[in-house]
Every structure is written in C-alpha cells, then in structure tokens.
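The opening position of the sequence shown corresponds to residue 1 in the numbering used here, with each subsequent residue numbered one higher.
By construction, these hints were calculated from the structure, which means they are not laboratory data. Keep in mind that a hint or two might mislead.
[Said to hold, decoys possible] Think about it this way: if two alpha-carbon atoms lie no more than 16 angstroms apart in a straight line, the pair counts; the simulated EDC-like pairs of lysine to aspartate or glutamate are:
| id | residue 1 | residue 2 |
| --- | --- | --- |
| 1 | 156 | 271 |
| 2 | 56 | 22 |
| 3 | 180 | 249 |
Bear in mind that the values here come from a model prediction, so they are computed numbers and not experimental data.
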Amino acid sequence: MRLDEKKRALEEQESPERTLAELEVEIARLEGDVAALGEAVDLDAMAEQLAQLKLKLTEAEAAEATARTAAGKAETDLAGARAKLNTVIEALPEGLRTPEAVVARREALQREQRQLSEALEVATQQDRAAGEMLTRAQEQLEAAKRARDAQQQRVKKAQDDFGARLAEVGLDKAGYDACKAHFPTLDADQKTVSDHREGLIAAHTTLQNAIAACADRERPDLAPLQLALADATQTLNAANAALATARTDVSSLTKFKESLAAALAETERLETETGPLRGLADLANGKNDFKMTLETFAIGAMFDQVLEAANMRLDPMTRGRYRLTRGLEASGGRGKRGLEIEVFDINTGKARPTATLSGGETFIAALALALGLADVVESLSGKIRMDTIFIDEGFGSLDTENGAGTLDQVIQVLAALTEGSRAVGLISHVGLVQEAIPQGFYVRSTPSGSRVEERTGMG
Numbered sequence: 001m002r003l004d005e006k007k008r009a010l011e012e013q014e015s016p017e018r019t020l021a022e023l024e025v026e027i028a029r030l031e032g033d034v035a036a037l038g039e040a041v042d043l044d045a046m047a048e049q050l051a052q053l054k055l056k057l058t059e060a061e062a063a064e065a066t067a068r069t070a071a072g073k074a075e076t077d078l079a080g081a082r083a084k085l086n087t088v089i090e091a092l093p094e095g096l097r098t099p100e101a102v103v104a105r106r107e108a109l110q111r112e113q114r115q116l117s118e119a120l121e122v123a124t125q126q127d128r129a130a131g132e133m134l135t136r137a138q139e140q141l142e143a144a145k146r147a148r149d150a151q152q153q154r155v156k157k158a159q160d161d162f163g164a165r166l167a168e169v170g171l172d173k174a175g176y177d178a179c180k181a182h183f184p185t186l187d188a189d190q191k192t193v194s195d196h197r198e199g200l201i202a203a204h205t206t207l208q209n210a211i212a213a214c215a216d217r218e219r220p221d222l223a224p225l226q227l228a229l230a231d232a233t234q235t236l237n238a239a240n241a242a243l244a245t246a247r248t249d250v251s252s253l254t255k256f257k258e259s260l261a262a263a264l265a266e267t268e269r270l271e272t273e274t275g276p277l278r279g280l281a282d283l284a285n286g287k288n289d290f291k292m293t294l295e296t297f298a299i300g301a302m303f304d305q306v307l308e309a310a311n312m313r314l315d316p317m318t319r320g321r322y323r324l325t326r327g328l329e330a331s332g333g334r335g336k337r338g339l340e341i342e343v344f345d346i347n348t349g350k351a352r353p354t355a356t357l358s359g360g361e362t363f364i365a366a367l368a369l370a371l372g373l374a375d376v377v378e379s380l381s382g383k384i385r386m387d388t389i390f391i392d393e394g395f396g397s398l399d400t401e402n403g404a405g406t407l408d409q410v411i412q413v414l415a416a417l418t419e420g421s422r423a424v425g426l427i428s429h430v431g432l433v434q435e436a437i438p439q440g441f442y443v444r445s446t447p448s449g450s451r452v453e454e455r456t457g458m459g
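Please build the complete structure, drawing on both the sequences and the hints.
Okay, structure coming up:
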C-alpha cells in the first residue's frame with residue numbers, strides 16, 4: 001500500500017464520539033448526581049444509564065486501541081516509504097534528483113530528438129534527391145549510348161556504301177588514295193584532254209587535205225611515207241587510247257567526287273545532330289574539366305557523408321587538428337578525380353595528401369574512416385547493424401604525452417563506442433592499451449601450443 005493510501009486508511013478509521021477521559025469525567029459526574037439524589041433517585045434507571053455508559057466506554061477503548069494500532073502501522077509504512085524514496089533518489093544522477101532537473105532533462109532530450117528528426121528528414125531528402133539525379137543521369141547515359149550505337153551504324157553504312165561505289169568504278173582503297181592527289185588538278189586535266197582532242201581533229205583534217213592535194217600527183221616512194229604513217233597511226237592510236245582512258249577516269253572521278261561530297265555532307269550533318277549526345281557521353285565518361293565520371297560523381301556524394309561521419313570520430317582523437325576532405329585534383333596527369341582523400345591541418349590552414357601523415361596519424365585516420373563508414377551504413381539502412389568491431393595492432397605507432405597523449409584520445413573514443421550497443425575488441429601488445437581495458441584475454445605461446453588465459457582488471 002502506498003503512503004497516501006495508508007494516510008487515507010488511517011483517516012477513515014472510526015473515531016469515538018468522546019474521548020476516554022471525557023467519558024470517565026461523565027461517569028464521575030453521574031455517580032455524584034446519584035449520590036446527591038439519595039433515596040429519591042430511580043436507581044434502576046440510573047443503573048441502566050450507567051451500564052450504557054460503561055458499554056460506550058468499552059467500545060471507545062476498543063476503537064482507541066484500533067486507532068493506535070492503525071496509526072502505528074501507518075507510521076511504520078510511512079518510514080518504509082520514506083526510506084525507499086531516499087534510496088531511489090540516491091540512485092539517481094545528481095543532476096536528476098529534483099523534479100525541476102528531471103523536467104529540464106526531459107525538455108533537453110525532446111529538443112535533441114526534434115533536432116535529430118529534422119536532420120534525419122534532411123538526410124533522407126538529400127538521399128532521395130541524389131537517387132533521382134543518379135536515375136536521370138543513368139537514363140541520359142543510356143540514351144547517349146543508344147545514339148552513339150546508331151551513329152556508329154550510320155558511319156559503318158556510309159563506309160560500306162563508299163566501298164561499293166569504289167568497286168563500281170573499279171577502284172580500291174589504294175587506288176582511291178592515289179586518285180585523291182589528282183583532285184586539285186582535275187579541271188586542268190580535263191582541259192588537257194579537250195585540247196588533245198581538238199589537236200587530233202586538226203591533225204586528221206590536215207591529213208585529209210594533204211591526201212586530196214596529192215591526188216593528181218605522181219605517186220612517190222611510199223615506203224618511207226608508209227613508215228611515217230604507221231608511226232603516226234601508232235601515235236594516234238596511243239593518243240586515242242589515252243583519251244578514252246582519260247575520259248573514263250574523268251567520268252569515274254567526277255562520280256566519285258559527287259559521292260564523296262554527299263558522304264561528307266551527311267557526315268557533317270550527323271556530327272552536328274549528335275554533337276550534344278556525344279558531349280553528354282563525354283561528360284559521363286570523365287572527358288570534362290574535372291576528369292570525373294558520372295559514377296564517380298554519384299559515389300562522391302555518398303563518400304562525403306562517410307567523411308563527415310569520420311571527422312566526428314577523428315576530431316576528439318586529434319584534438320580538433322585534422323579533418324578529412326575529398327580532393328578534386330587528380331593524383332596523376334591522366335588519372336580520374338573526385339575520390340582522393342586529403343587531410344586539412346588546422347595548424348597550417350592547408351590541405352595535404354594523406355601520405356604525409358605519420359604512422360600513428362595514418363592509423364587514427366583509418367580508424368576514423370572505418371567508424372564513419374559503419375555510422376553511415378547504419379543510418380542509411382536500419383536493418384544493418386555493425387555491433388562489433390575488431391582492431392588489430394596499430395597502437396604502438398601512437399605518440400604519448402605523460403603516459404597517454406594521442407593513445408589516450410583513441411582509447412576514450414573506443415570506450416565511448418561501448419557505452420552504446422557496440423562491442424570493441426582490441427588486439428595489441430602495448431602496455432598502456434592493456435591497462436586501459438579492464439577485461440580481456442592473454443594468448444600465450446607454449447611448447448605444446450598456444451593457450452588463452454582470461455584477464456580481469458589490471459593495476
């Protein structure tokens with residue numbers, strides 16, 4: 001029964017109408033009245049009244065005893081309740097032992113919950129926006145790939161048509177390359193053939209005129225003339241053959257020139273038409289000022305969240321000196337950019353490569369990255385829990401100041417992890433680490449093999 005219920009029960013106990021002392025006074029007064037009345041008093045009535053008063057006295061004594069018992073029990077219960085209350089108050093933290101402190105703590109937790117809810121909502125919206133942007137970019141990339149494949153098919157068809165037209169005019173690639181050298185002089189070659197044709201006609205006319213002029217003359221020795229004629233005829237036939245060949249070449253080259261001009265015009269049109277798509281494909285494939293592919297850009301957005309979570313772990317371990325940032329400069333002349341990690345040193349105000357860190361600093365940065373990655377994975381997927389983390393060696397590279405220093409900062413961060421739902425296992429030969437861990441095991445090597453010994457507490 002609670003304290004307030006005990007009090008109510010005590011108050012509800014039936015109390016006598018008059019106290020025992022009052023009843024005794026009343027009895028004495030009545031007895032005096034009886035004595036004063038003498039023989040004239042109705043003794044039977046007085047006896048009956050006295051009996052009633054004695055009965056009331058007995059009932060009052062019983063009620064008083066019951067009330068005293070209830071009061072004693074109530075006082076005992078009250079003392080026990082006060083002892084329990086004091087025990088509960090002493091078990092509470094010093095800052096929560098008053099109702100005002102509890103109310104203030106509850107309001108602070110409510111504010112923190114609202115802030116975390118707002119941060120979660122913002123992160124969810126950013127993640128949704130990044131997913132939508134990635135989906136749109138992938139769709140654009142697929143469209144660019146389809147356009148590129150179509151362009152390649154059109155180029156191949158143009159090349160096949162070009163080869164077929166070369167075959168029609170009796171040329172191959174080598175012959176076409178040889179003819180290309182004559183394109184600039186094609187008009188001049190046509191004029192040369194035309195001049196040769198006109199000269200041939202004039203020579204034929206001259207021959208006919210000469211034959212007509214010699215018709216009435218004595219036939220001279222024709223042997224030399226026949227030889228000369230044969231030579232002239234041979235020269236004429238060679239010239240006619242050259243003329244026919246030249247005409248054929250001119251016709252073929254003219255057709256080829258027209259086909260080539262059409263193919264070049266089609267190629268220029270296709271290049272103009274597919275220019276934006278090829279530009280988009282170049283951007284997605286990293287051919288841009290930042291040398292960053294679309295995949296790297298999308299991964300970089302998630303990587304920023306990992307680095308931010310890692311910096312929350314790194315800050316206490318380095319006393320706020322270092323922050324991990326994502327570098328946009330490529331490590332090599334032709335390397336892709338966007339996923340390199342740099343360390344911003346608050347002492348110098350500059351970012352530098354992680355390769356410049358000491359062994360201990362490198363270990364701390366790697367530990368912060370691992371913890372940050374675990375935090376991001378848990379925050380993005382509520383079904384994934386990273387409850388246990390094992391760290392093997394690396395503590396010997398940490399510096400100490402007055403027996404602690406950076407090592408102490410790292411141990412404090414790892415100890416903070418165990419306050420939640422995570423278990424942290426450390427494998428180390430460093431004495432300070434063993435002293436900081438209250439429970440663990442020794443692995444000892446013996447001639448019969450290694451054995452494990454439980455260790456509880458040190459120092």
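Problem set entry | Numbers of the earlier hints that this structure fails to satisfy, in rising order | Violated hints: none at all, because every hint is consistent with the structure.
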